[in-house]
Each structure stands twice: as structure tokens, then as C-alpha cells.
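Protein chains in written order, with the working numbering: chain A, 1 to 500; chain B, 501 to 613.
FYI, nobody ran anything at the bench for these hints, they're computed from the structure. Computed from a predicted structure; not experimentally measured. Virtual Cβ for every residue (Gly too), placed ideally from N, Cα, C. One or more hints might be untrue.
The following label-pair restraints were derived from C-beta to C-beta distances [stated by the list, open to error]:
#, chain 1, residue 1, chain 2, residue 2, range
1, B, Pro-563, A, Ala-435, 53 to 61 Å
2, A, Val-212, B, Leu-536, 22 to 30 Å
3, A, Ser-232, B, Val-588, 18 to 26 Å
4, B, Cys-513, A, Pro-399, 55 to 63 Å
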Amino acid sequence: MTDSALSPAIALALILTAPLFGALAAMVTGRRGAGIALATMTATGIGIVTLLVIIAGDGDFTLAIGGWEPPLGIQLRADGLAAGFITTTALVMGAILAVAGKPFGAGATERRGAYTFWPLALLLWGALNAIFLSGDLFNLYVGLELLTLVAVALVGIEGKRETLAAALRYMMFALMGSLLYLLGAALLYAAHGTLDIALLAARVGNAPGDIVAAAAITAGLAAKTALFPFHSWLPPAHSGAPAPASAMLSGLVPKASFYILLRFWFEAAPDIAGTGVLTLLGGLGALAMIYGSLLALHQNRLKLIIAYSTVAQLGYLFFVFPLAGGTSAAQPWAAGAWSGAVFHALSHAMAKASMFLCAGLIIEAIGHDRLPGMKGIVRAMPMTVFAFALAAITLMGLPPSGGFTAKYLMMTASFAAGQPFWALMLIVAGLLAAAYLYRPLALAFALPDADAPVPGAVSRARQAAPLVLALAAILLGILSAGPFAFIRIGRPGAAVEGLE
Amino acid sequence: MIAPSASLLYGLCGAVLIGLGLYGFVAHRRLIRRVLAFNVIGSGIFLLFGASAYRDPAAGADPVPQAMIITGIVVALAATALALALIVAHARLAQSGALPEDETHEDGSEDAP
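The whole structure should be built from the sequences, with the hints applied where relevant.
Structure below.
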């Protein structure tokens, strides 16, 4: 084997195993897990850079583990989409781990969270990478389960009554979701003798069994992505966790199940989609968007606003199904809609994680996250408020952010497809996001009350982490051409150009 | 014709278990019962999956579903363990075996769904 044949395997091995080994090591070292996290970050980073270079140079590739080809063996696949998600995840994890050093690091007070945070965070990262690189539905199931169990544990990490209830509520939805997904996978295997996505694509048709399987898989994943009406677990779970955990839960975890939905509907079973099903998915997304935004307007705690905003933002990821699936798949606008959804997923991951980290720093400074307490916080922590505002720009979809590119692509596609309803929904979504994010921002810039307690100090280095993330989300919009071409590497039907 | 009908019987049993479990999961408010229902559904899916392995009598049973079922059982075990640990921790603090929103129906004896 030459070097060029070996390096893809090494890159994938680093990306997959470094976080898992890191998690094991962090389990042993307890509160000194920050050092382990840094080492993991370095190893995974090397793997990711190698992967990006390989994919940008030679295109996508697959790797049959141990030389066993599917359907018997397990195949890993790395294409532009996978690499895009992996890179974003690494950026987000980097910022989160940088901020988490203080509350969970060596100097932290003695409590359970300090011991369990590092292994859980690294395990979560490993599960995400495994999902993004998996090429078959059963591997995806195992990755999804690992991710869910870790996410549930992170929700309940503080061990308080409300957070334990939130974790249990999340777990009930997630358990049902996993069972439905597993049932769908079992039915597909029974009918076609394989769960490899590439092999399934040629075999799945419109048989009744396939339709039941697709419905079960979609419902299961929708429950895990908190699509309306399965969203009720999300706000208490995401707002109750400690801020670094919330950032992971809100920015990254729902993206994994959405990623599987993308893979399933656009790659494993592209022919099964009828217009009705796709419109239903998009319609539920629209309802989630309106419902989540309206509830975000009513909240008086910063973390709850951000959590309800996640319900809304996840909703319009689902507009991709009516715009790019089914009969639309062969149309010229499909690629634009698909890229728009991926852009939205990536920029939301960075912006939302940044927002939760900002909220965590504000809580550290003023001791709580009730909105009136934020009055005038800009004087004490300008960097954090600036980062929050930049993240808000991405969530509202204002230019030049990544969120704007995403909305622009999806809106162009919806007009080209003759379905202007989705474009209207995107505009409403942007306006509502502006409305619910205006309240915390307006308070942050207001004059503080004369008798307000002085906010505690937060170091500039830690304030920089969410700022870097928010800037990355903006840069995704300014420098969108590179990522735009990159995520399409290896996409089936990529030859069809999207509308620019 | 004995073999196909046997696998059909297993498959139908699996479907019945899934249905029973689904009913239990939706109808019960106590968390431990819902975790039990989760395990009943899981067993049903595994039975269905296992039965589907015997599609071609000439070739014998397909071993791949068996490998997947074992993995699935491990996953379900881990999920059950975590769920039970959370339920115990929650019950200690809240003095209740149900989620807060379900507590009006939590009075020792479970009422009709």
C-alpha cells in the first residue's frame, strides 16, 4: 500500500477513535479531563485537516473496514457533506471545551458534573463523527443510540429535580424514536437483504413494506430532531443543562438525526417520496417554526428563548423535503434547496452554540438568566454581547451571514419550484427571529439600573470562544463559495447545477 | 411448508409484542412501566427481525440479523440501565415515579388510561 492509499484510512481512524479514546482517558482522569480534551482536539484536528485535503483533492471515498465489502461488511463513507458536518462539529466542540474549562476544570468545586462532563462531551463528539461517517443504516442506529444516551446524561448532569425530569422526558421520546428507527431498518433488511445506503438506493421501491419502513424511520428521526409535534421535550432539556452542554445539545445533537434523514430521503430511498409526505414534513416544519418563535417571544429567561428558537430553526430545515425531494429531485432547483438546508444546519450549529455559550457567560456574571437582570450587561462584557448579536444576525438570516446564504438558496429554490409558500414562511421566520432576539439585545444595550448589582468578571479568553464561533457563522456567508462547492462533493446528482 | 409458517408465526408474535408494548408505552404514566413497555416493543422488533432472517429455506438462516439483534440488545440494555438510574434519582428527589406533567394521575393505583 502506498501512502496515498493509507492516509484516508488513518484520517478516518483518527476522527472516529480519538474522541472515543479521549472519553475513556477522561473517565480515568476526572477533573483533569481538560488536558485530555486538548489532546483529543489535536488528534481529531489532524484527522480532519487530512480528510479535507483528500476530499478537496480526490473527491469522496469509501472505506470498507477490515477489507469486508458490503453487504456483509461495514462501509465508512466520507464525502463533502460528511466532512462539512465533521468540520463544523469540531469547531463547535473546540469553542465549547474552551469555555467549559472553568466550570468543569481542575479548579472547579467538587461536584459530580466536574467528573462526568469531559467523558460525556468527548463521547458525544465520537458519536457525532461516527454518524457523519457511517454508510449504512444499522451503523447509524448504533451511533444515534450512543449520541442519545450521552445527550440524556448531559441533560441530567446537574442532578436537580427539574433537570432529571427534563432528561427523563427527553429519554421517553428518544427511546420511542430509536425503536421506530430500528423497526424501519429491520423491515428494510427483511425486504432487501442490506442496510448499506448505496445498495439500498438501487433496491428500495414503492412496495408497501418499504413505505411502512420509511414512515417508521422518518417518524423516529423526527422525534429525535424535535420536529413539531414532538418538540415538547426540547426546551426544558436544552435550557436546563449547564450552558456548555446546552450548546452541544442544541447546536449539534438534533443535526445528527436531521443528517440521517437527509441521507435516507435523498440517498437511500429517493424514489419512495410522494408529494404528500414531503409536503407534510415541510408543513410540520412550518408549524414548528411558527410555534417555536411565538413561544420564544413569551419567555422571560434567556436560555428558554434560545431553546425555543432551536425548535423554530430546526423547523425550517424540513423545508428541504418539499423543495428538493420526490419529483423535484431531478429539477434544477433541487441542488440549491439541498445546499441551502445544509448551510442552514451548519450555520445554525455554530450560531446556536455560540448563543448558549454567551448565555452561560452571562449567567456566570449575573448569577441567573432572567431577562431584566441582563439590563446594561454590554458595559461589563462587550465581547459576549457582540458575539450574541453576531449569532443573532445569523439566526435572523441577515446578510452577510451563513444563515442569509441558506435562506437565499432556499428562497430562490422555492420560487423556481413554484412553491412560494415556503419562501413566505422563511420571511416570516426571519421576522419572528428578529422579534424574539430583539428583547435580550435591547436589554443588554440599555442603561443599567442605578441599584443593579455589579456583574462578576469573566476572563476575555473565555469570552473569545463564542465570538470565534459567531464570526465563523458570519464567515460561512461571506466566503460561501468554497463551502458551497465543497459540501456537494460526492453528492448523487451533483452534476445538476443549482440556481445561483 | 412447515418452515415458512414457523417464521410467519414468529413474525406475527413479534408484531403482537410491538402492539402490546406500544399500548403500554402510551397508556402508562409511571416511568418504570414505560421502560418495561420499551423493552416489550424492543423484544417484538428483535423477534420480527430474527424471523425475517429465515427467508430462503435452501440457504438456511441469514446470520446478519442475528448479529444486529445482539447489538440491538446491548443498546437496549444500556438504555434501560440509564433510564432506570434516572428514574431512581428522580424519584428520590421528587417522591414520584412519574413526570411532573403526569402527576395528577399518580396516586398509588394507576387509573384507567
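Status of the hints after comparison with the structure:
1. For the hinted restraint 53 to 61 Å between Pro-563 (chain B) and Ala-435 (chain A), the CB-CB distance of approximately 57 Å keeps it satisfied.
2. As the Cβ distance of Val-212 (chain A) to Leu-536 (chain B) is approximately 25 Å, the hint placing it in 22 to 30 Å holds.
3. Ser-232 (chain A) and Val-588 (chain B) have their C-beta atoms about 24 Å apart, which keeps the hinted 18 to 26 Å range intact.
4. A beta carbon spacing of about 59 Å between Cys-513 (chain B) and Pro-399 (chain A) agrees with the range 55 to 63 Å that was offered as a hint.
No hint from the list above goes unmet by this structure.
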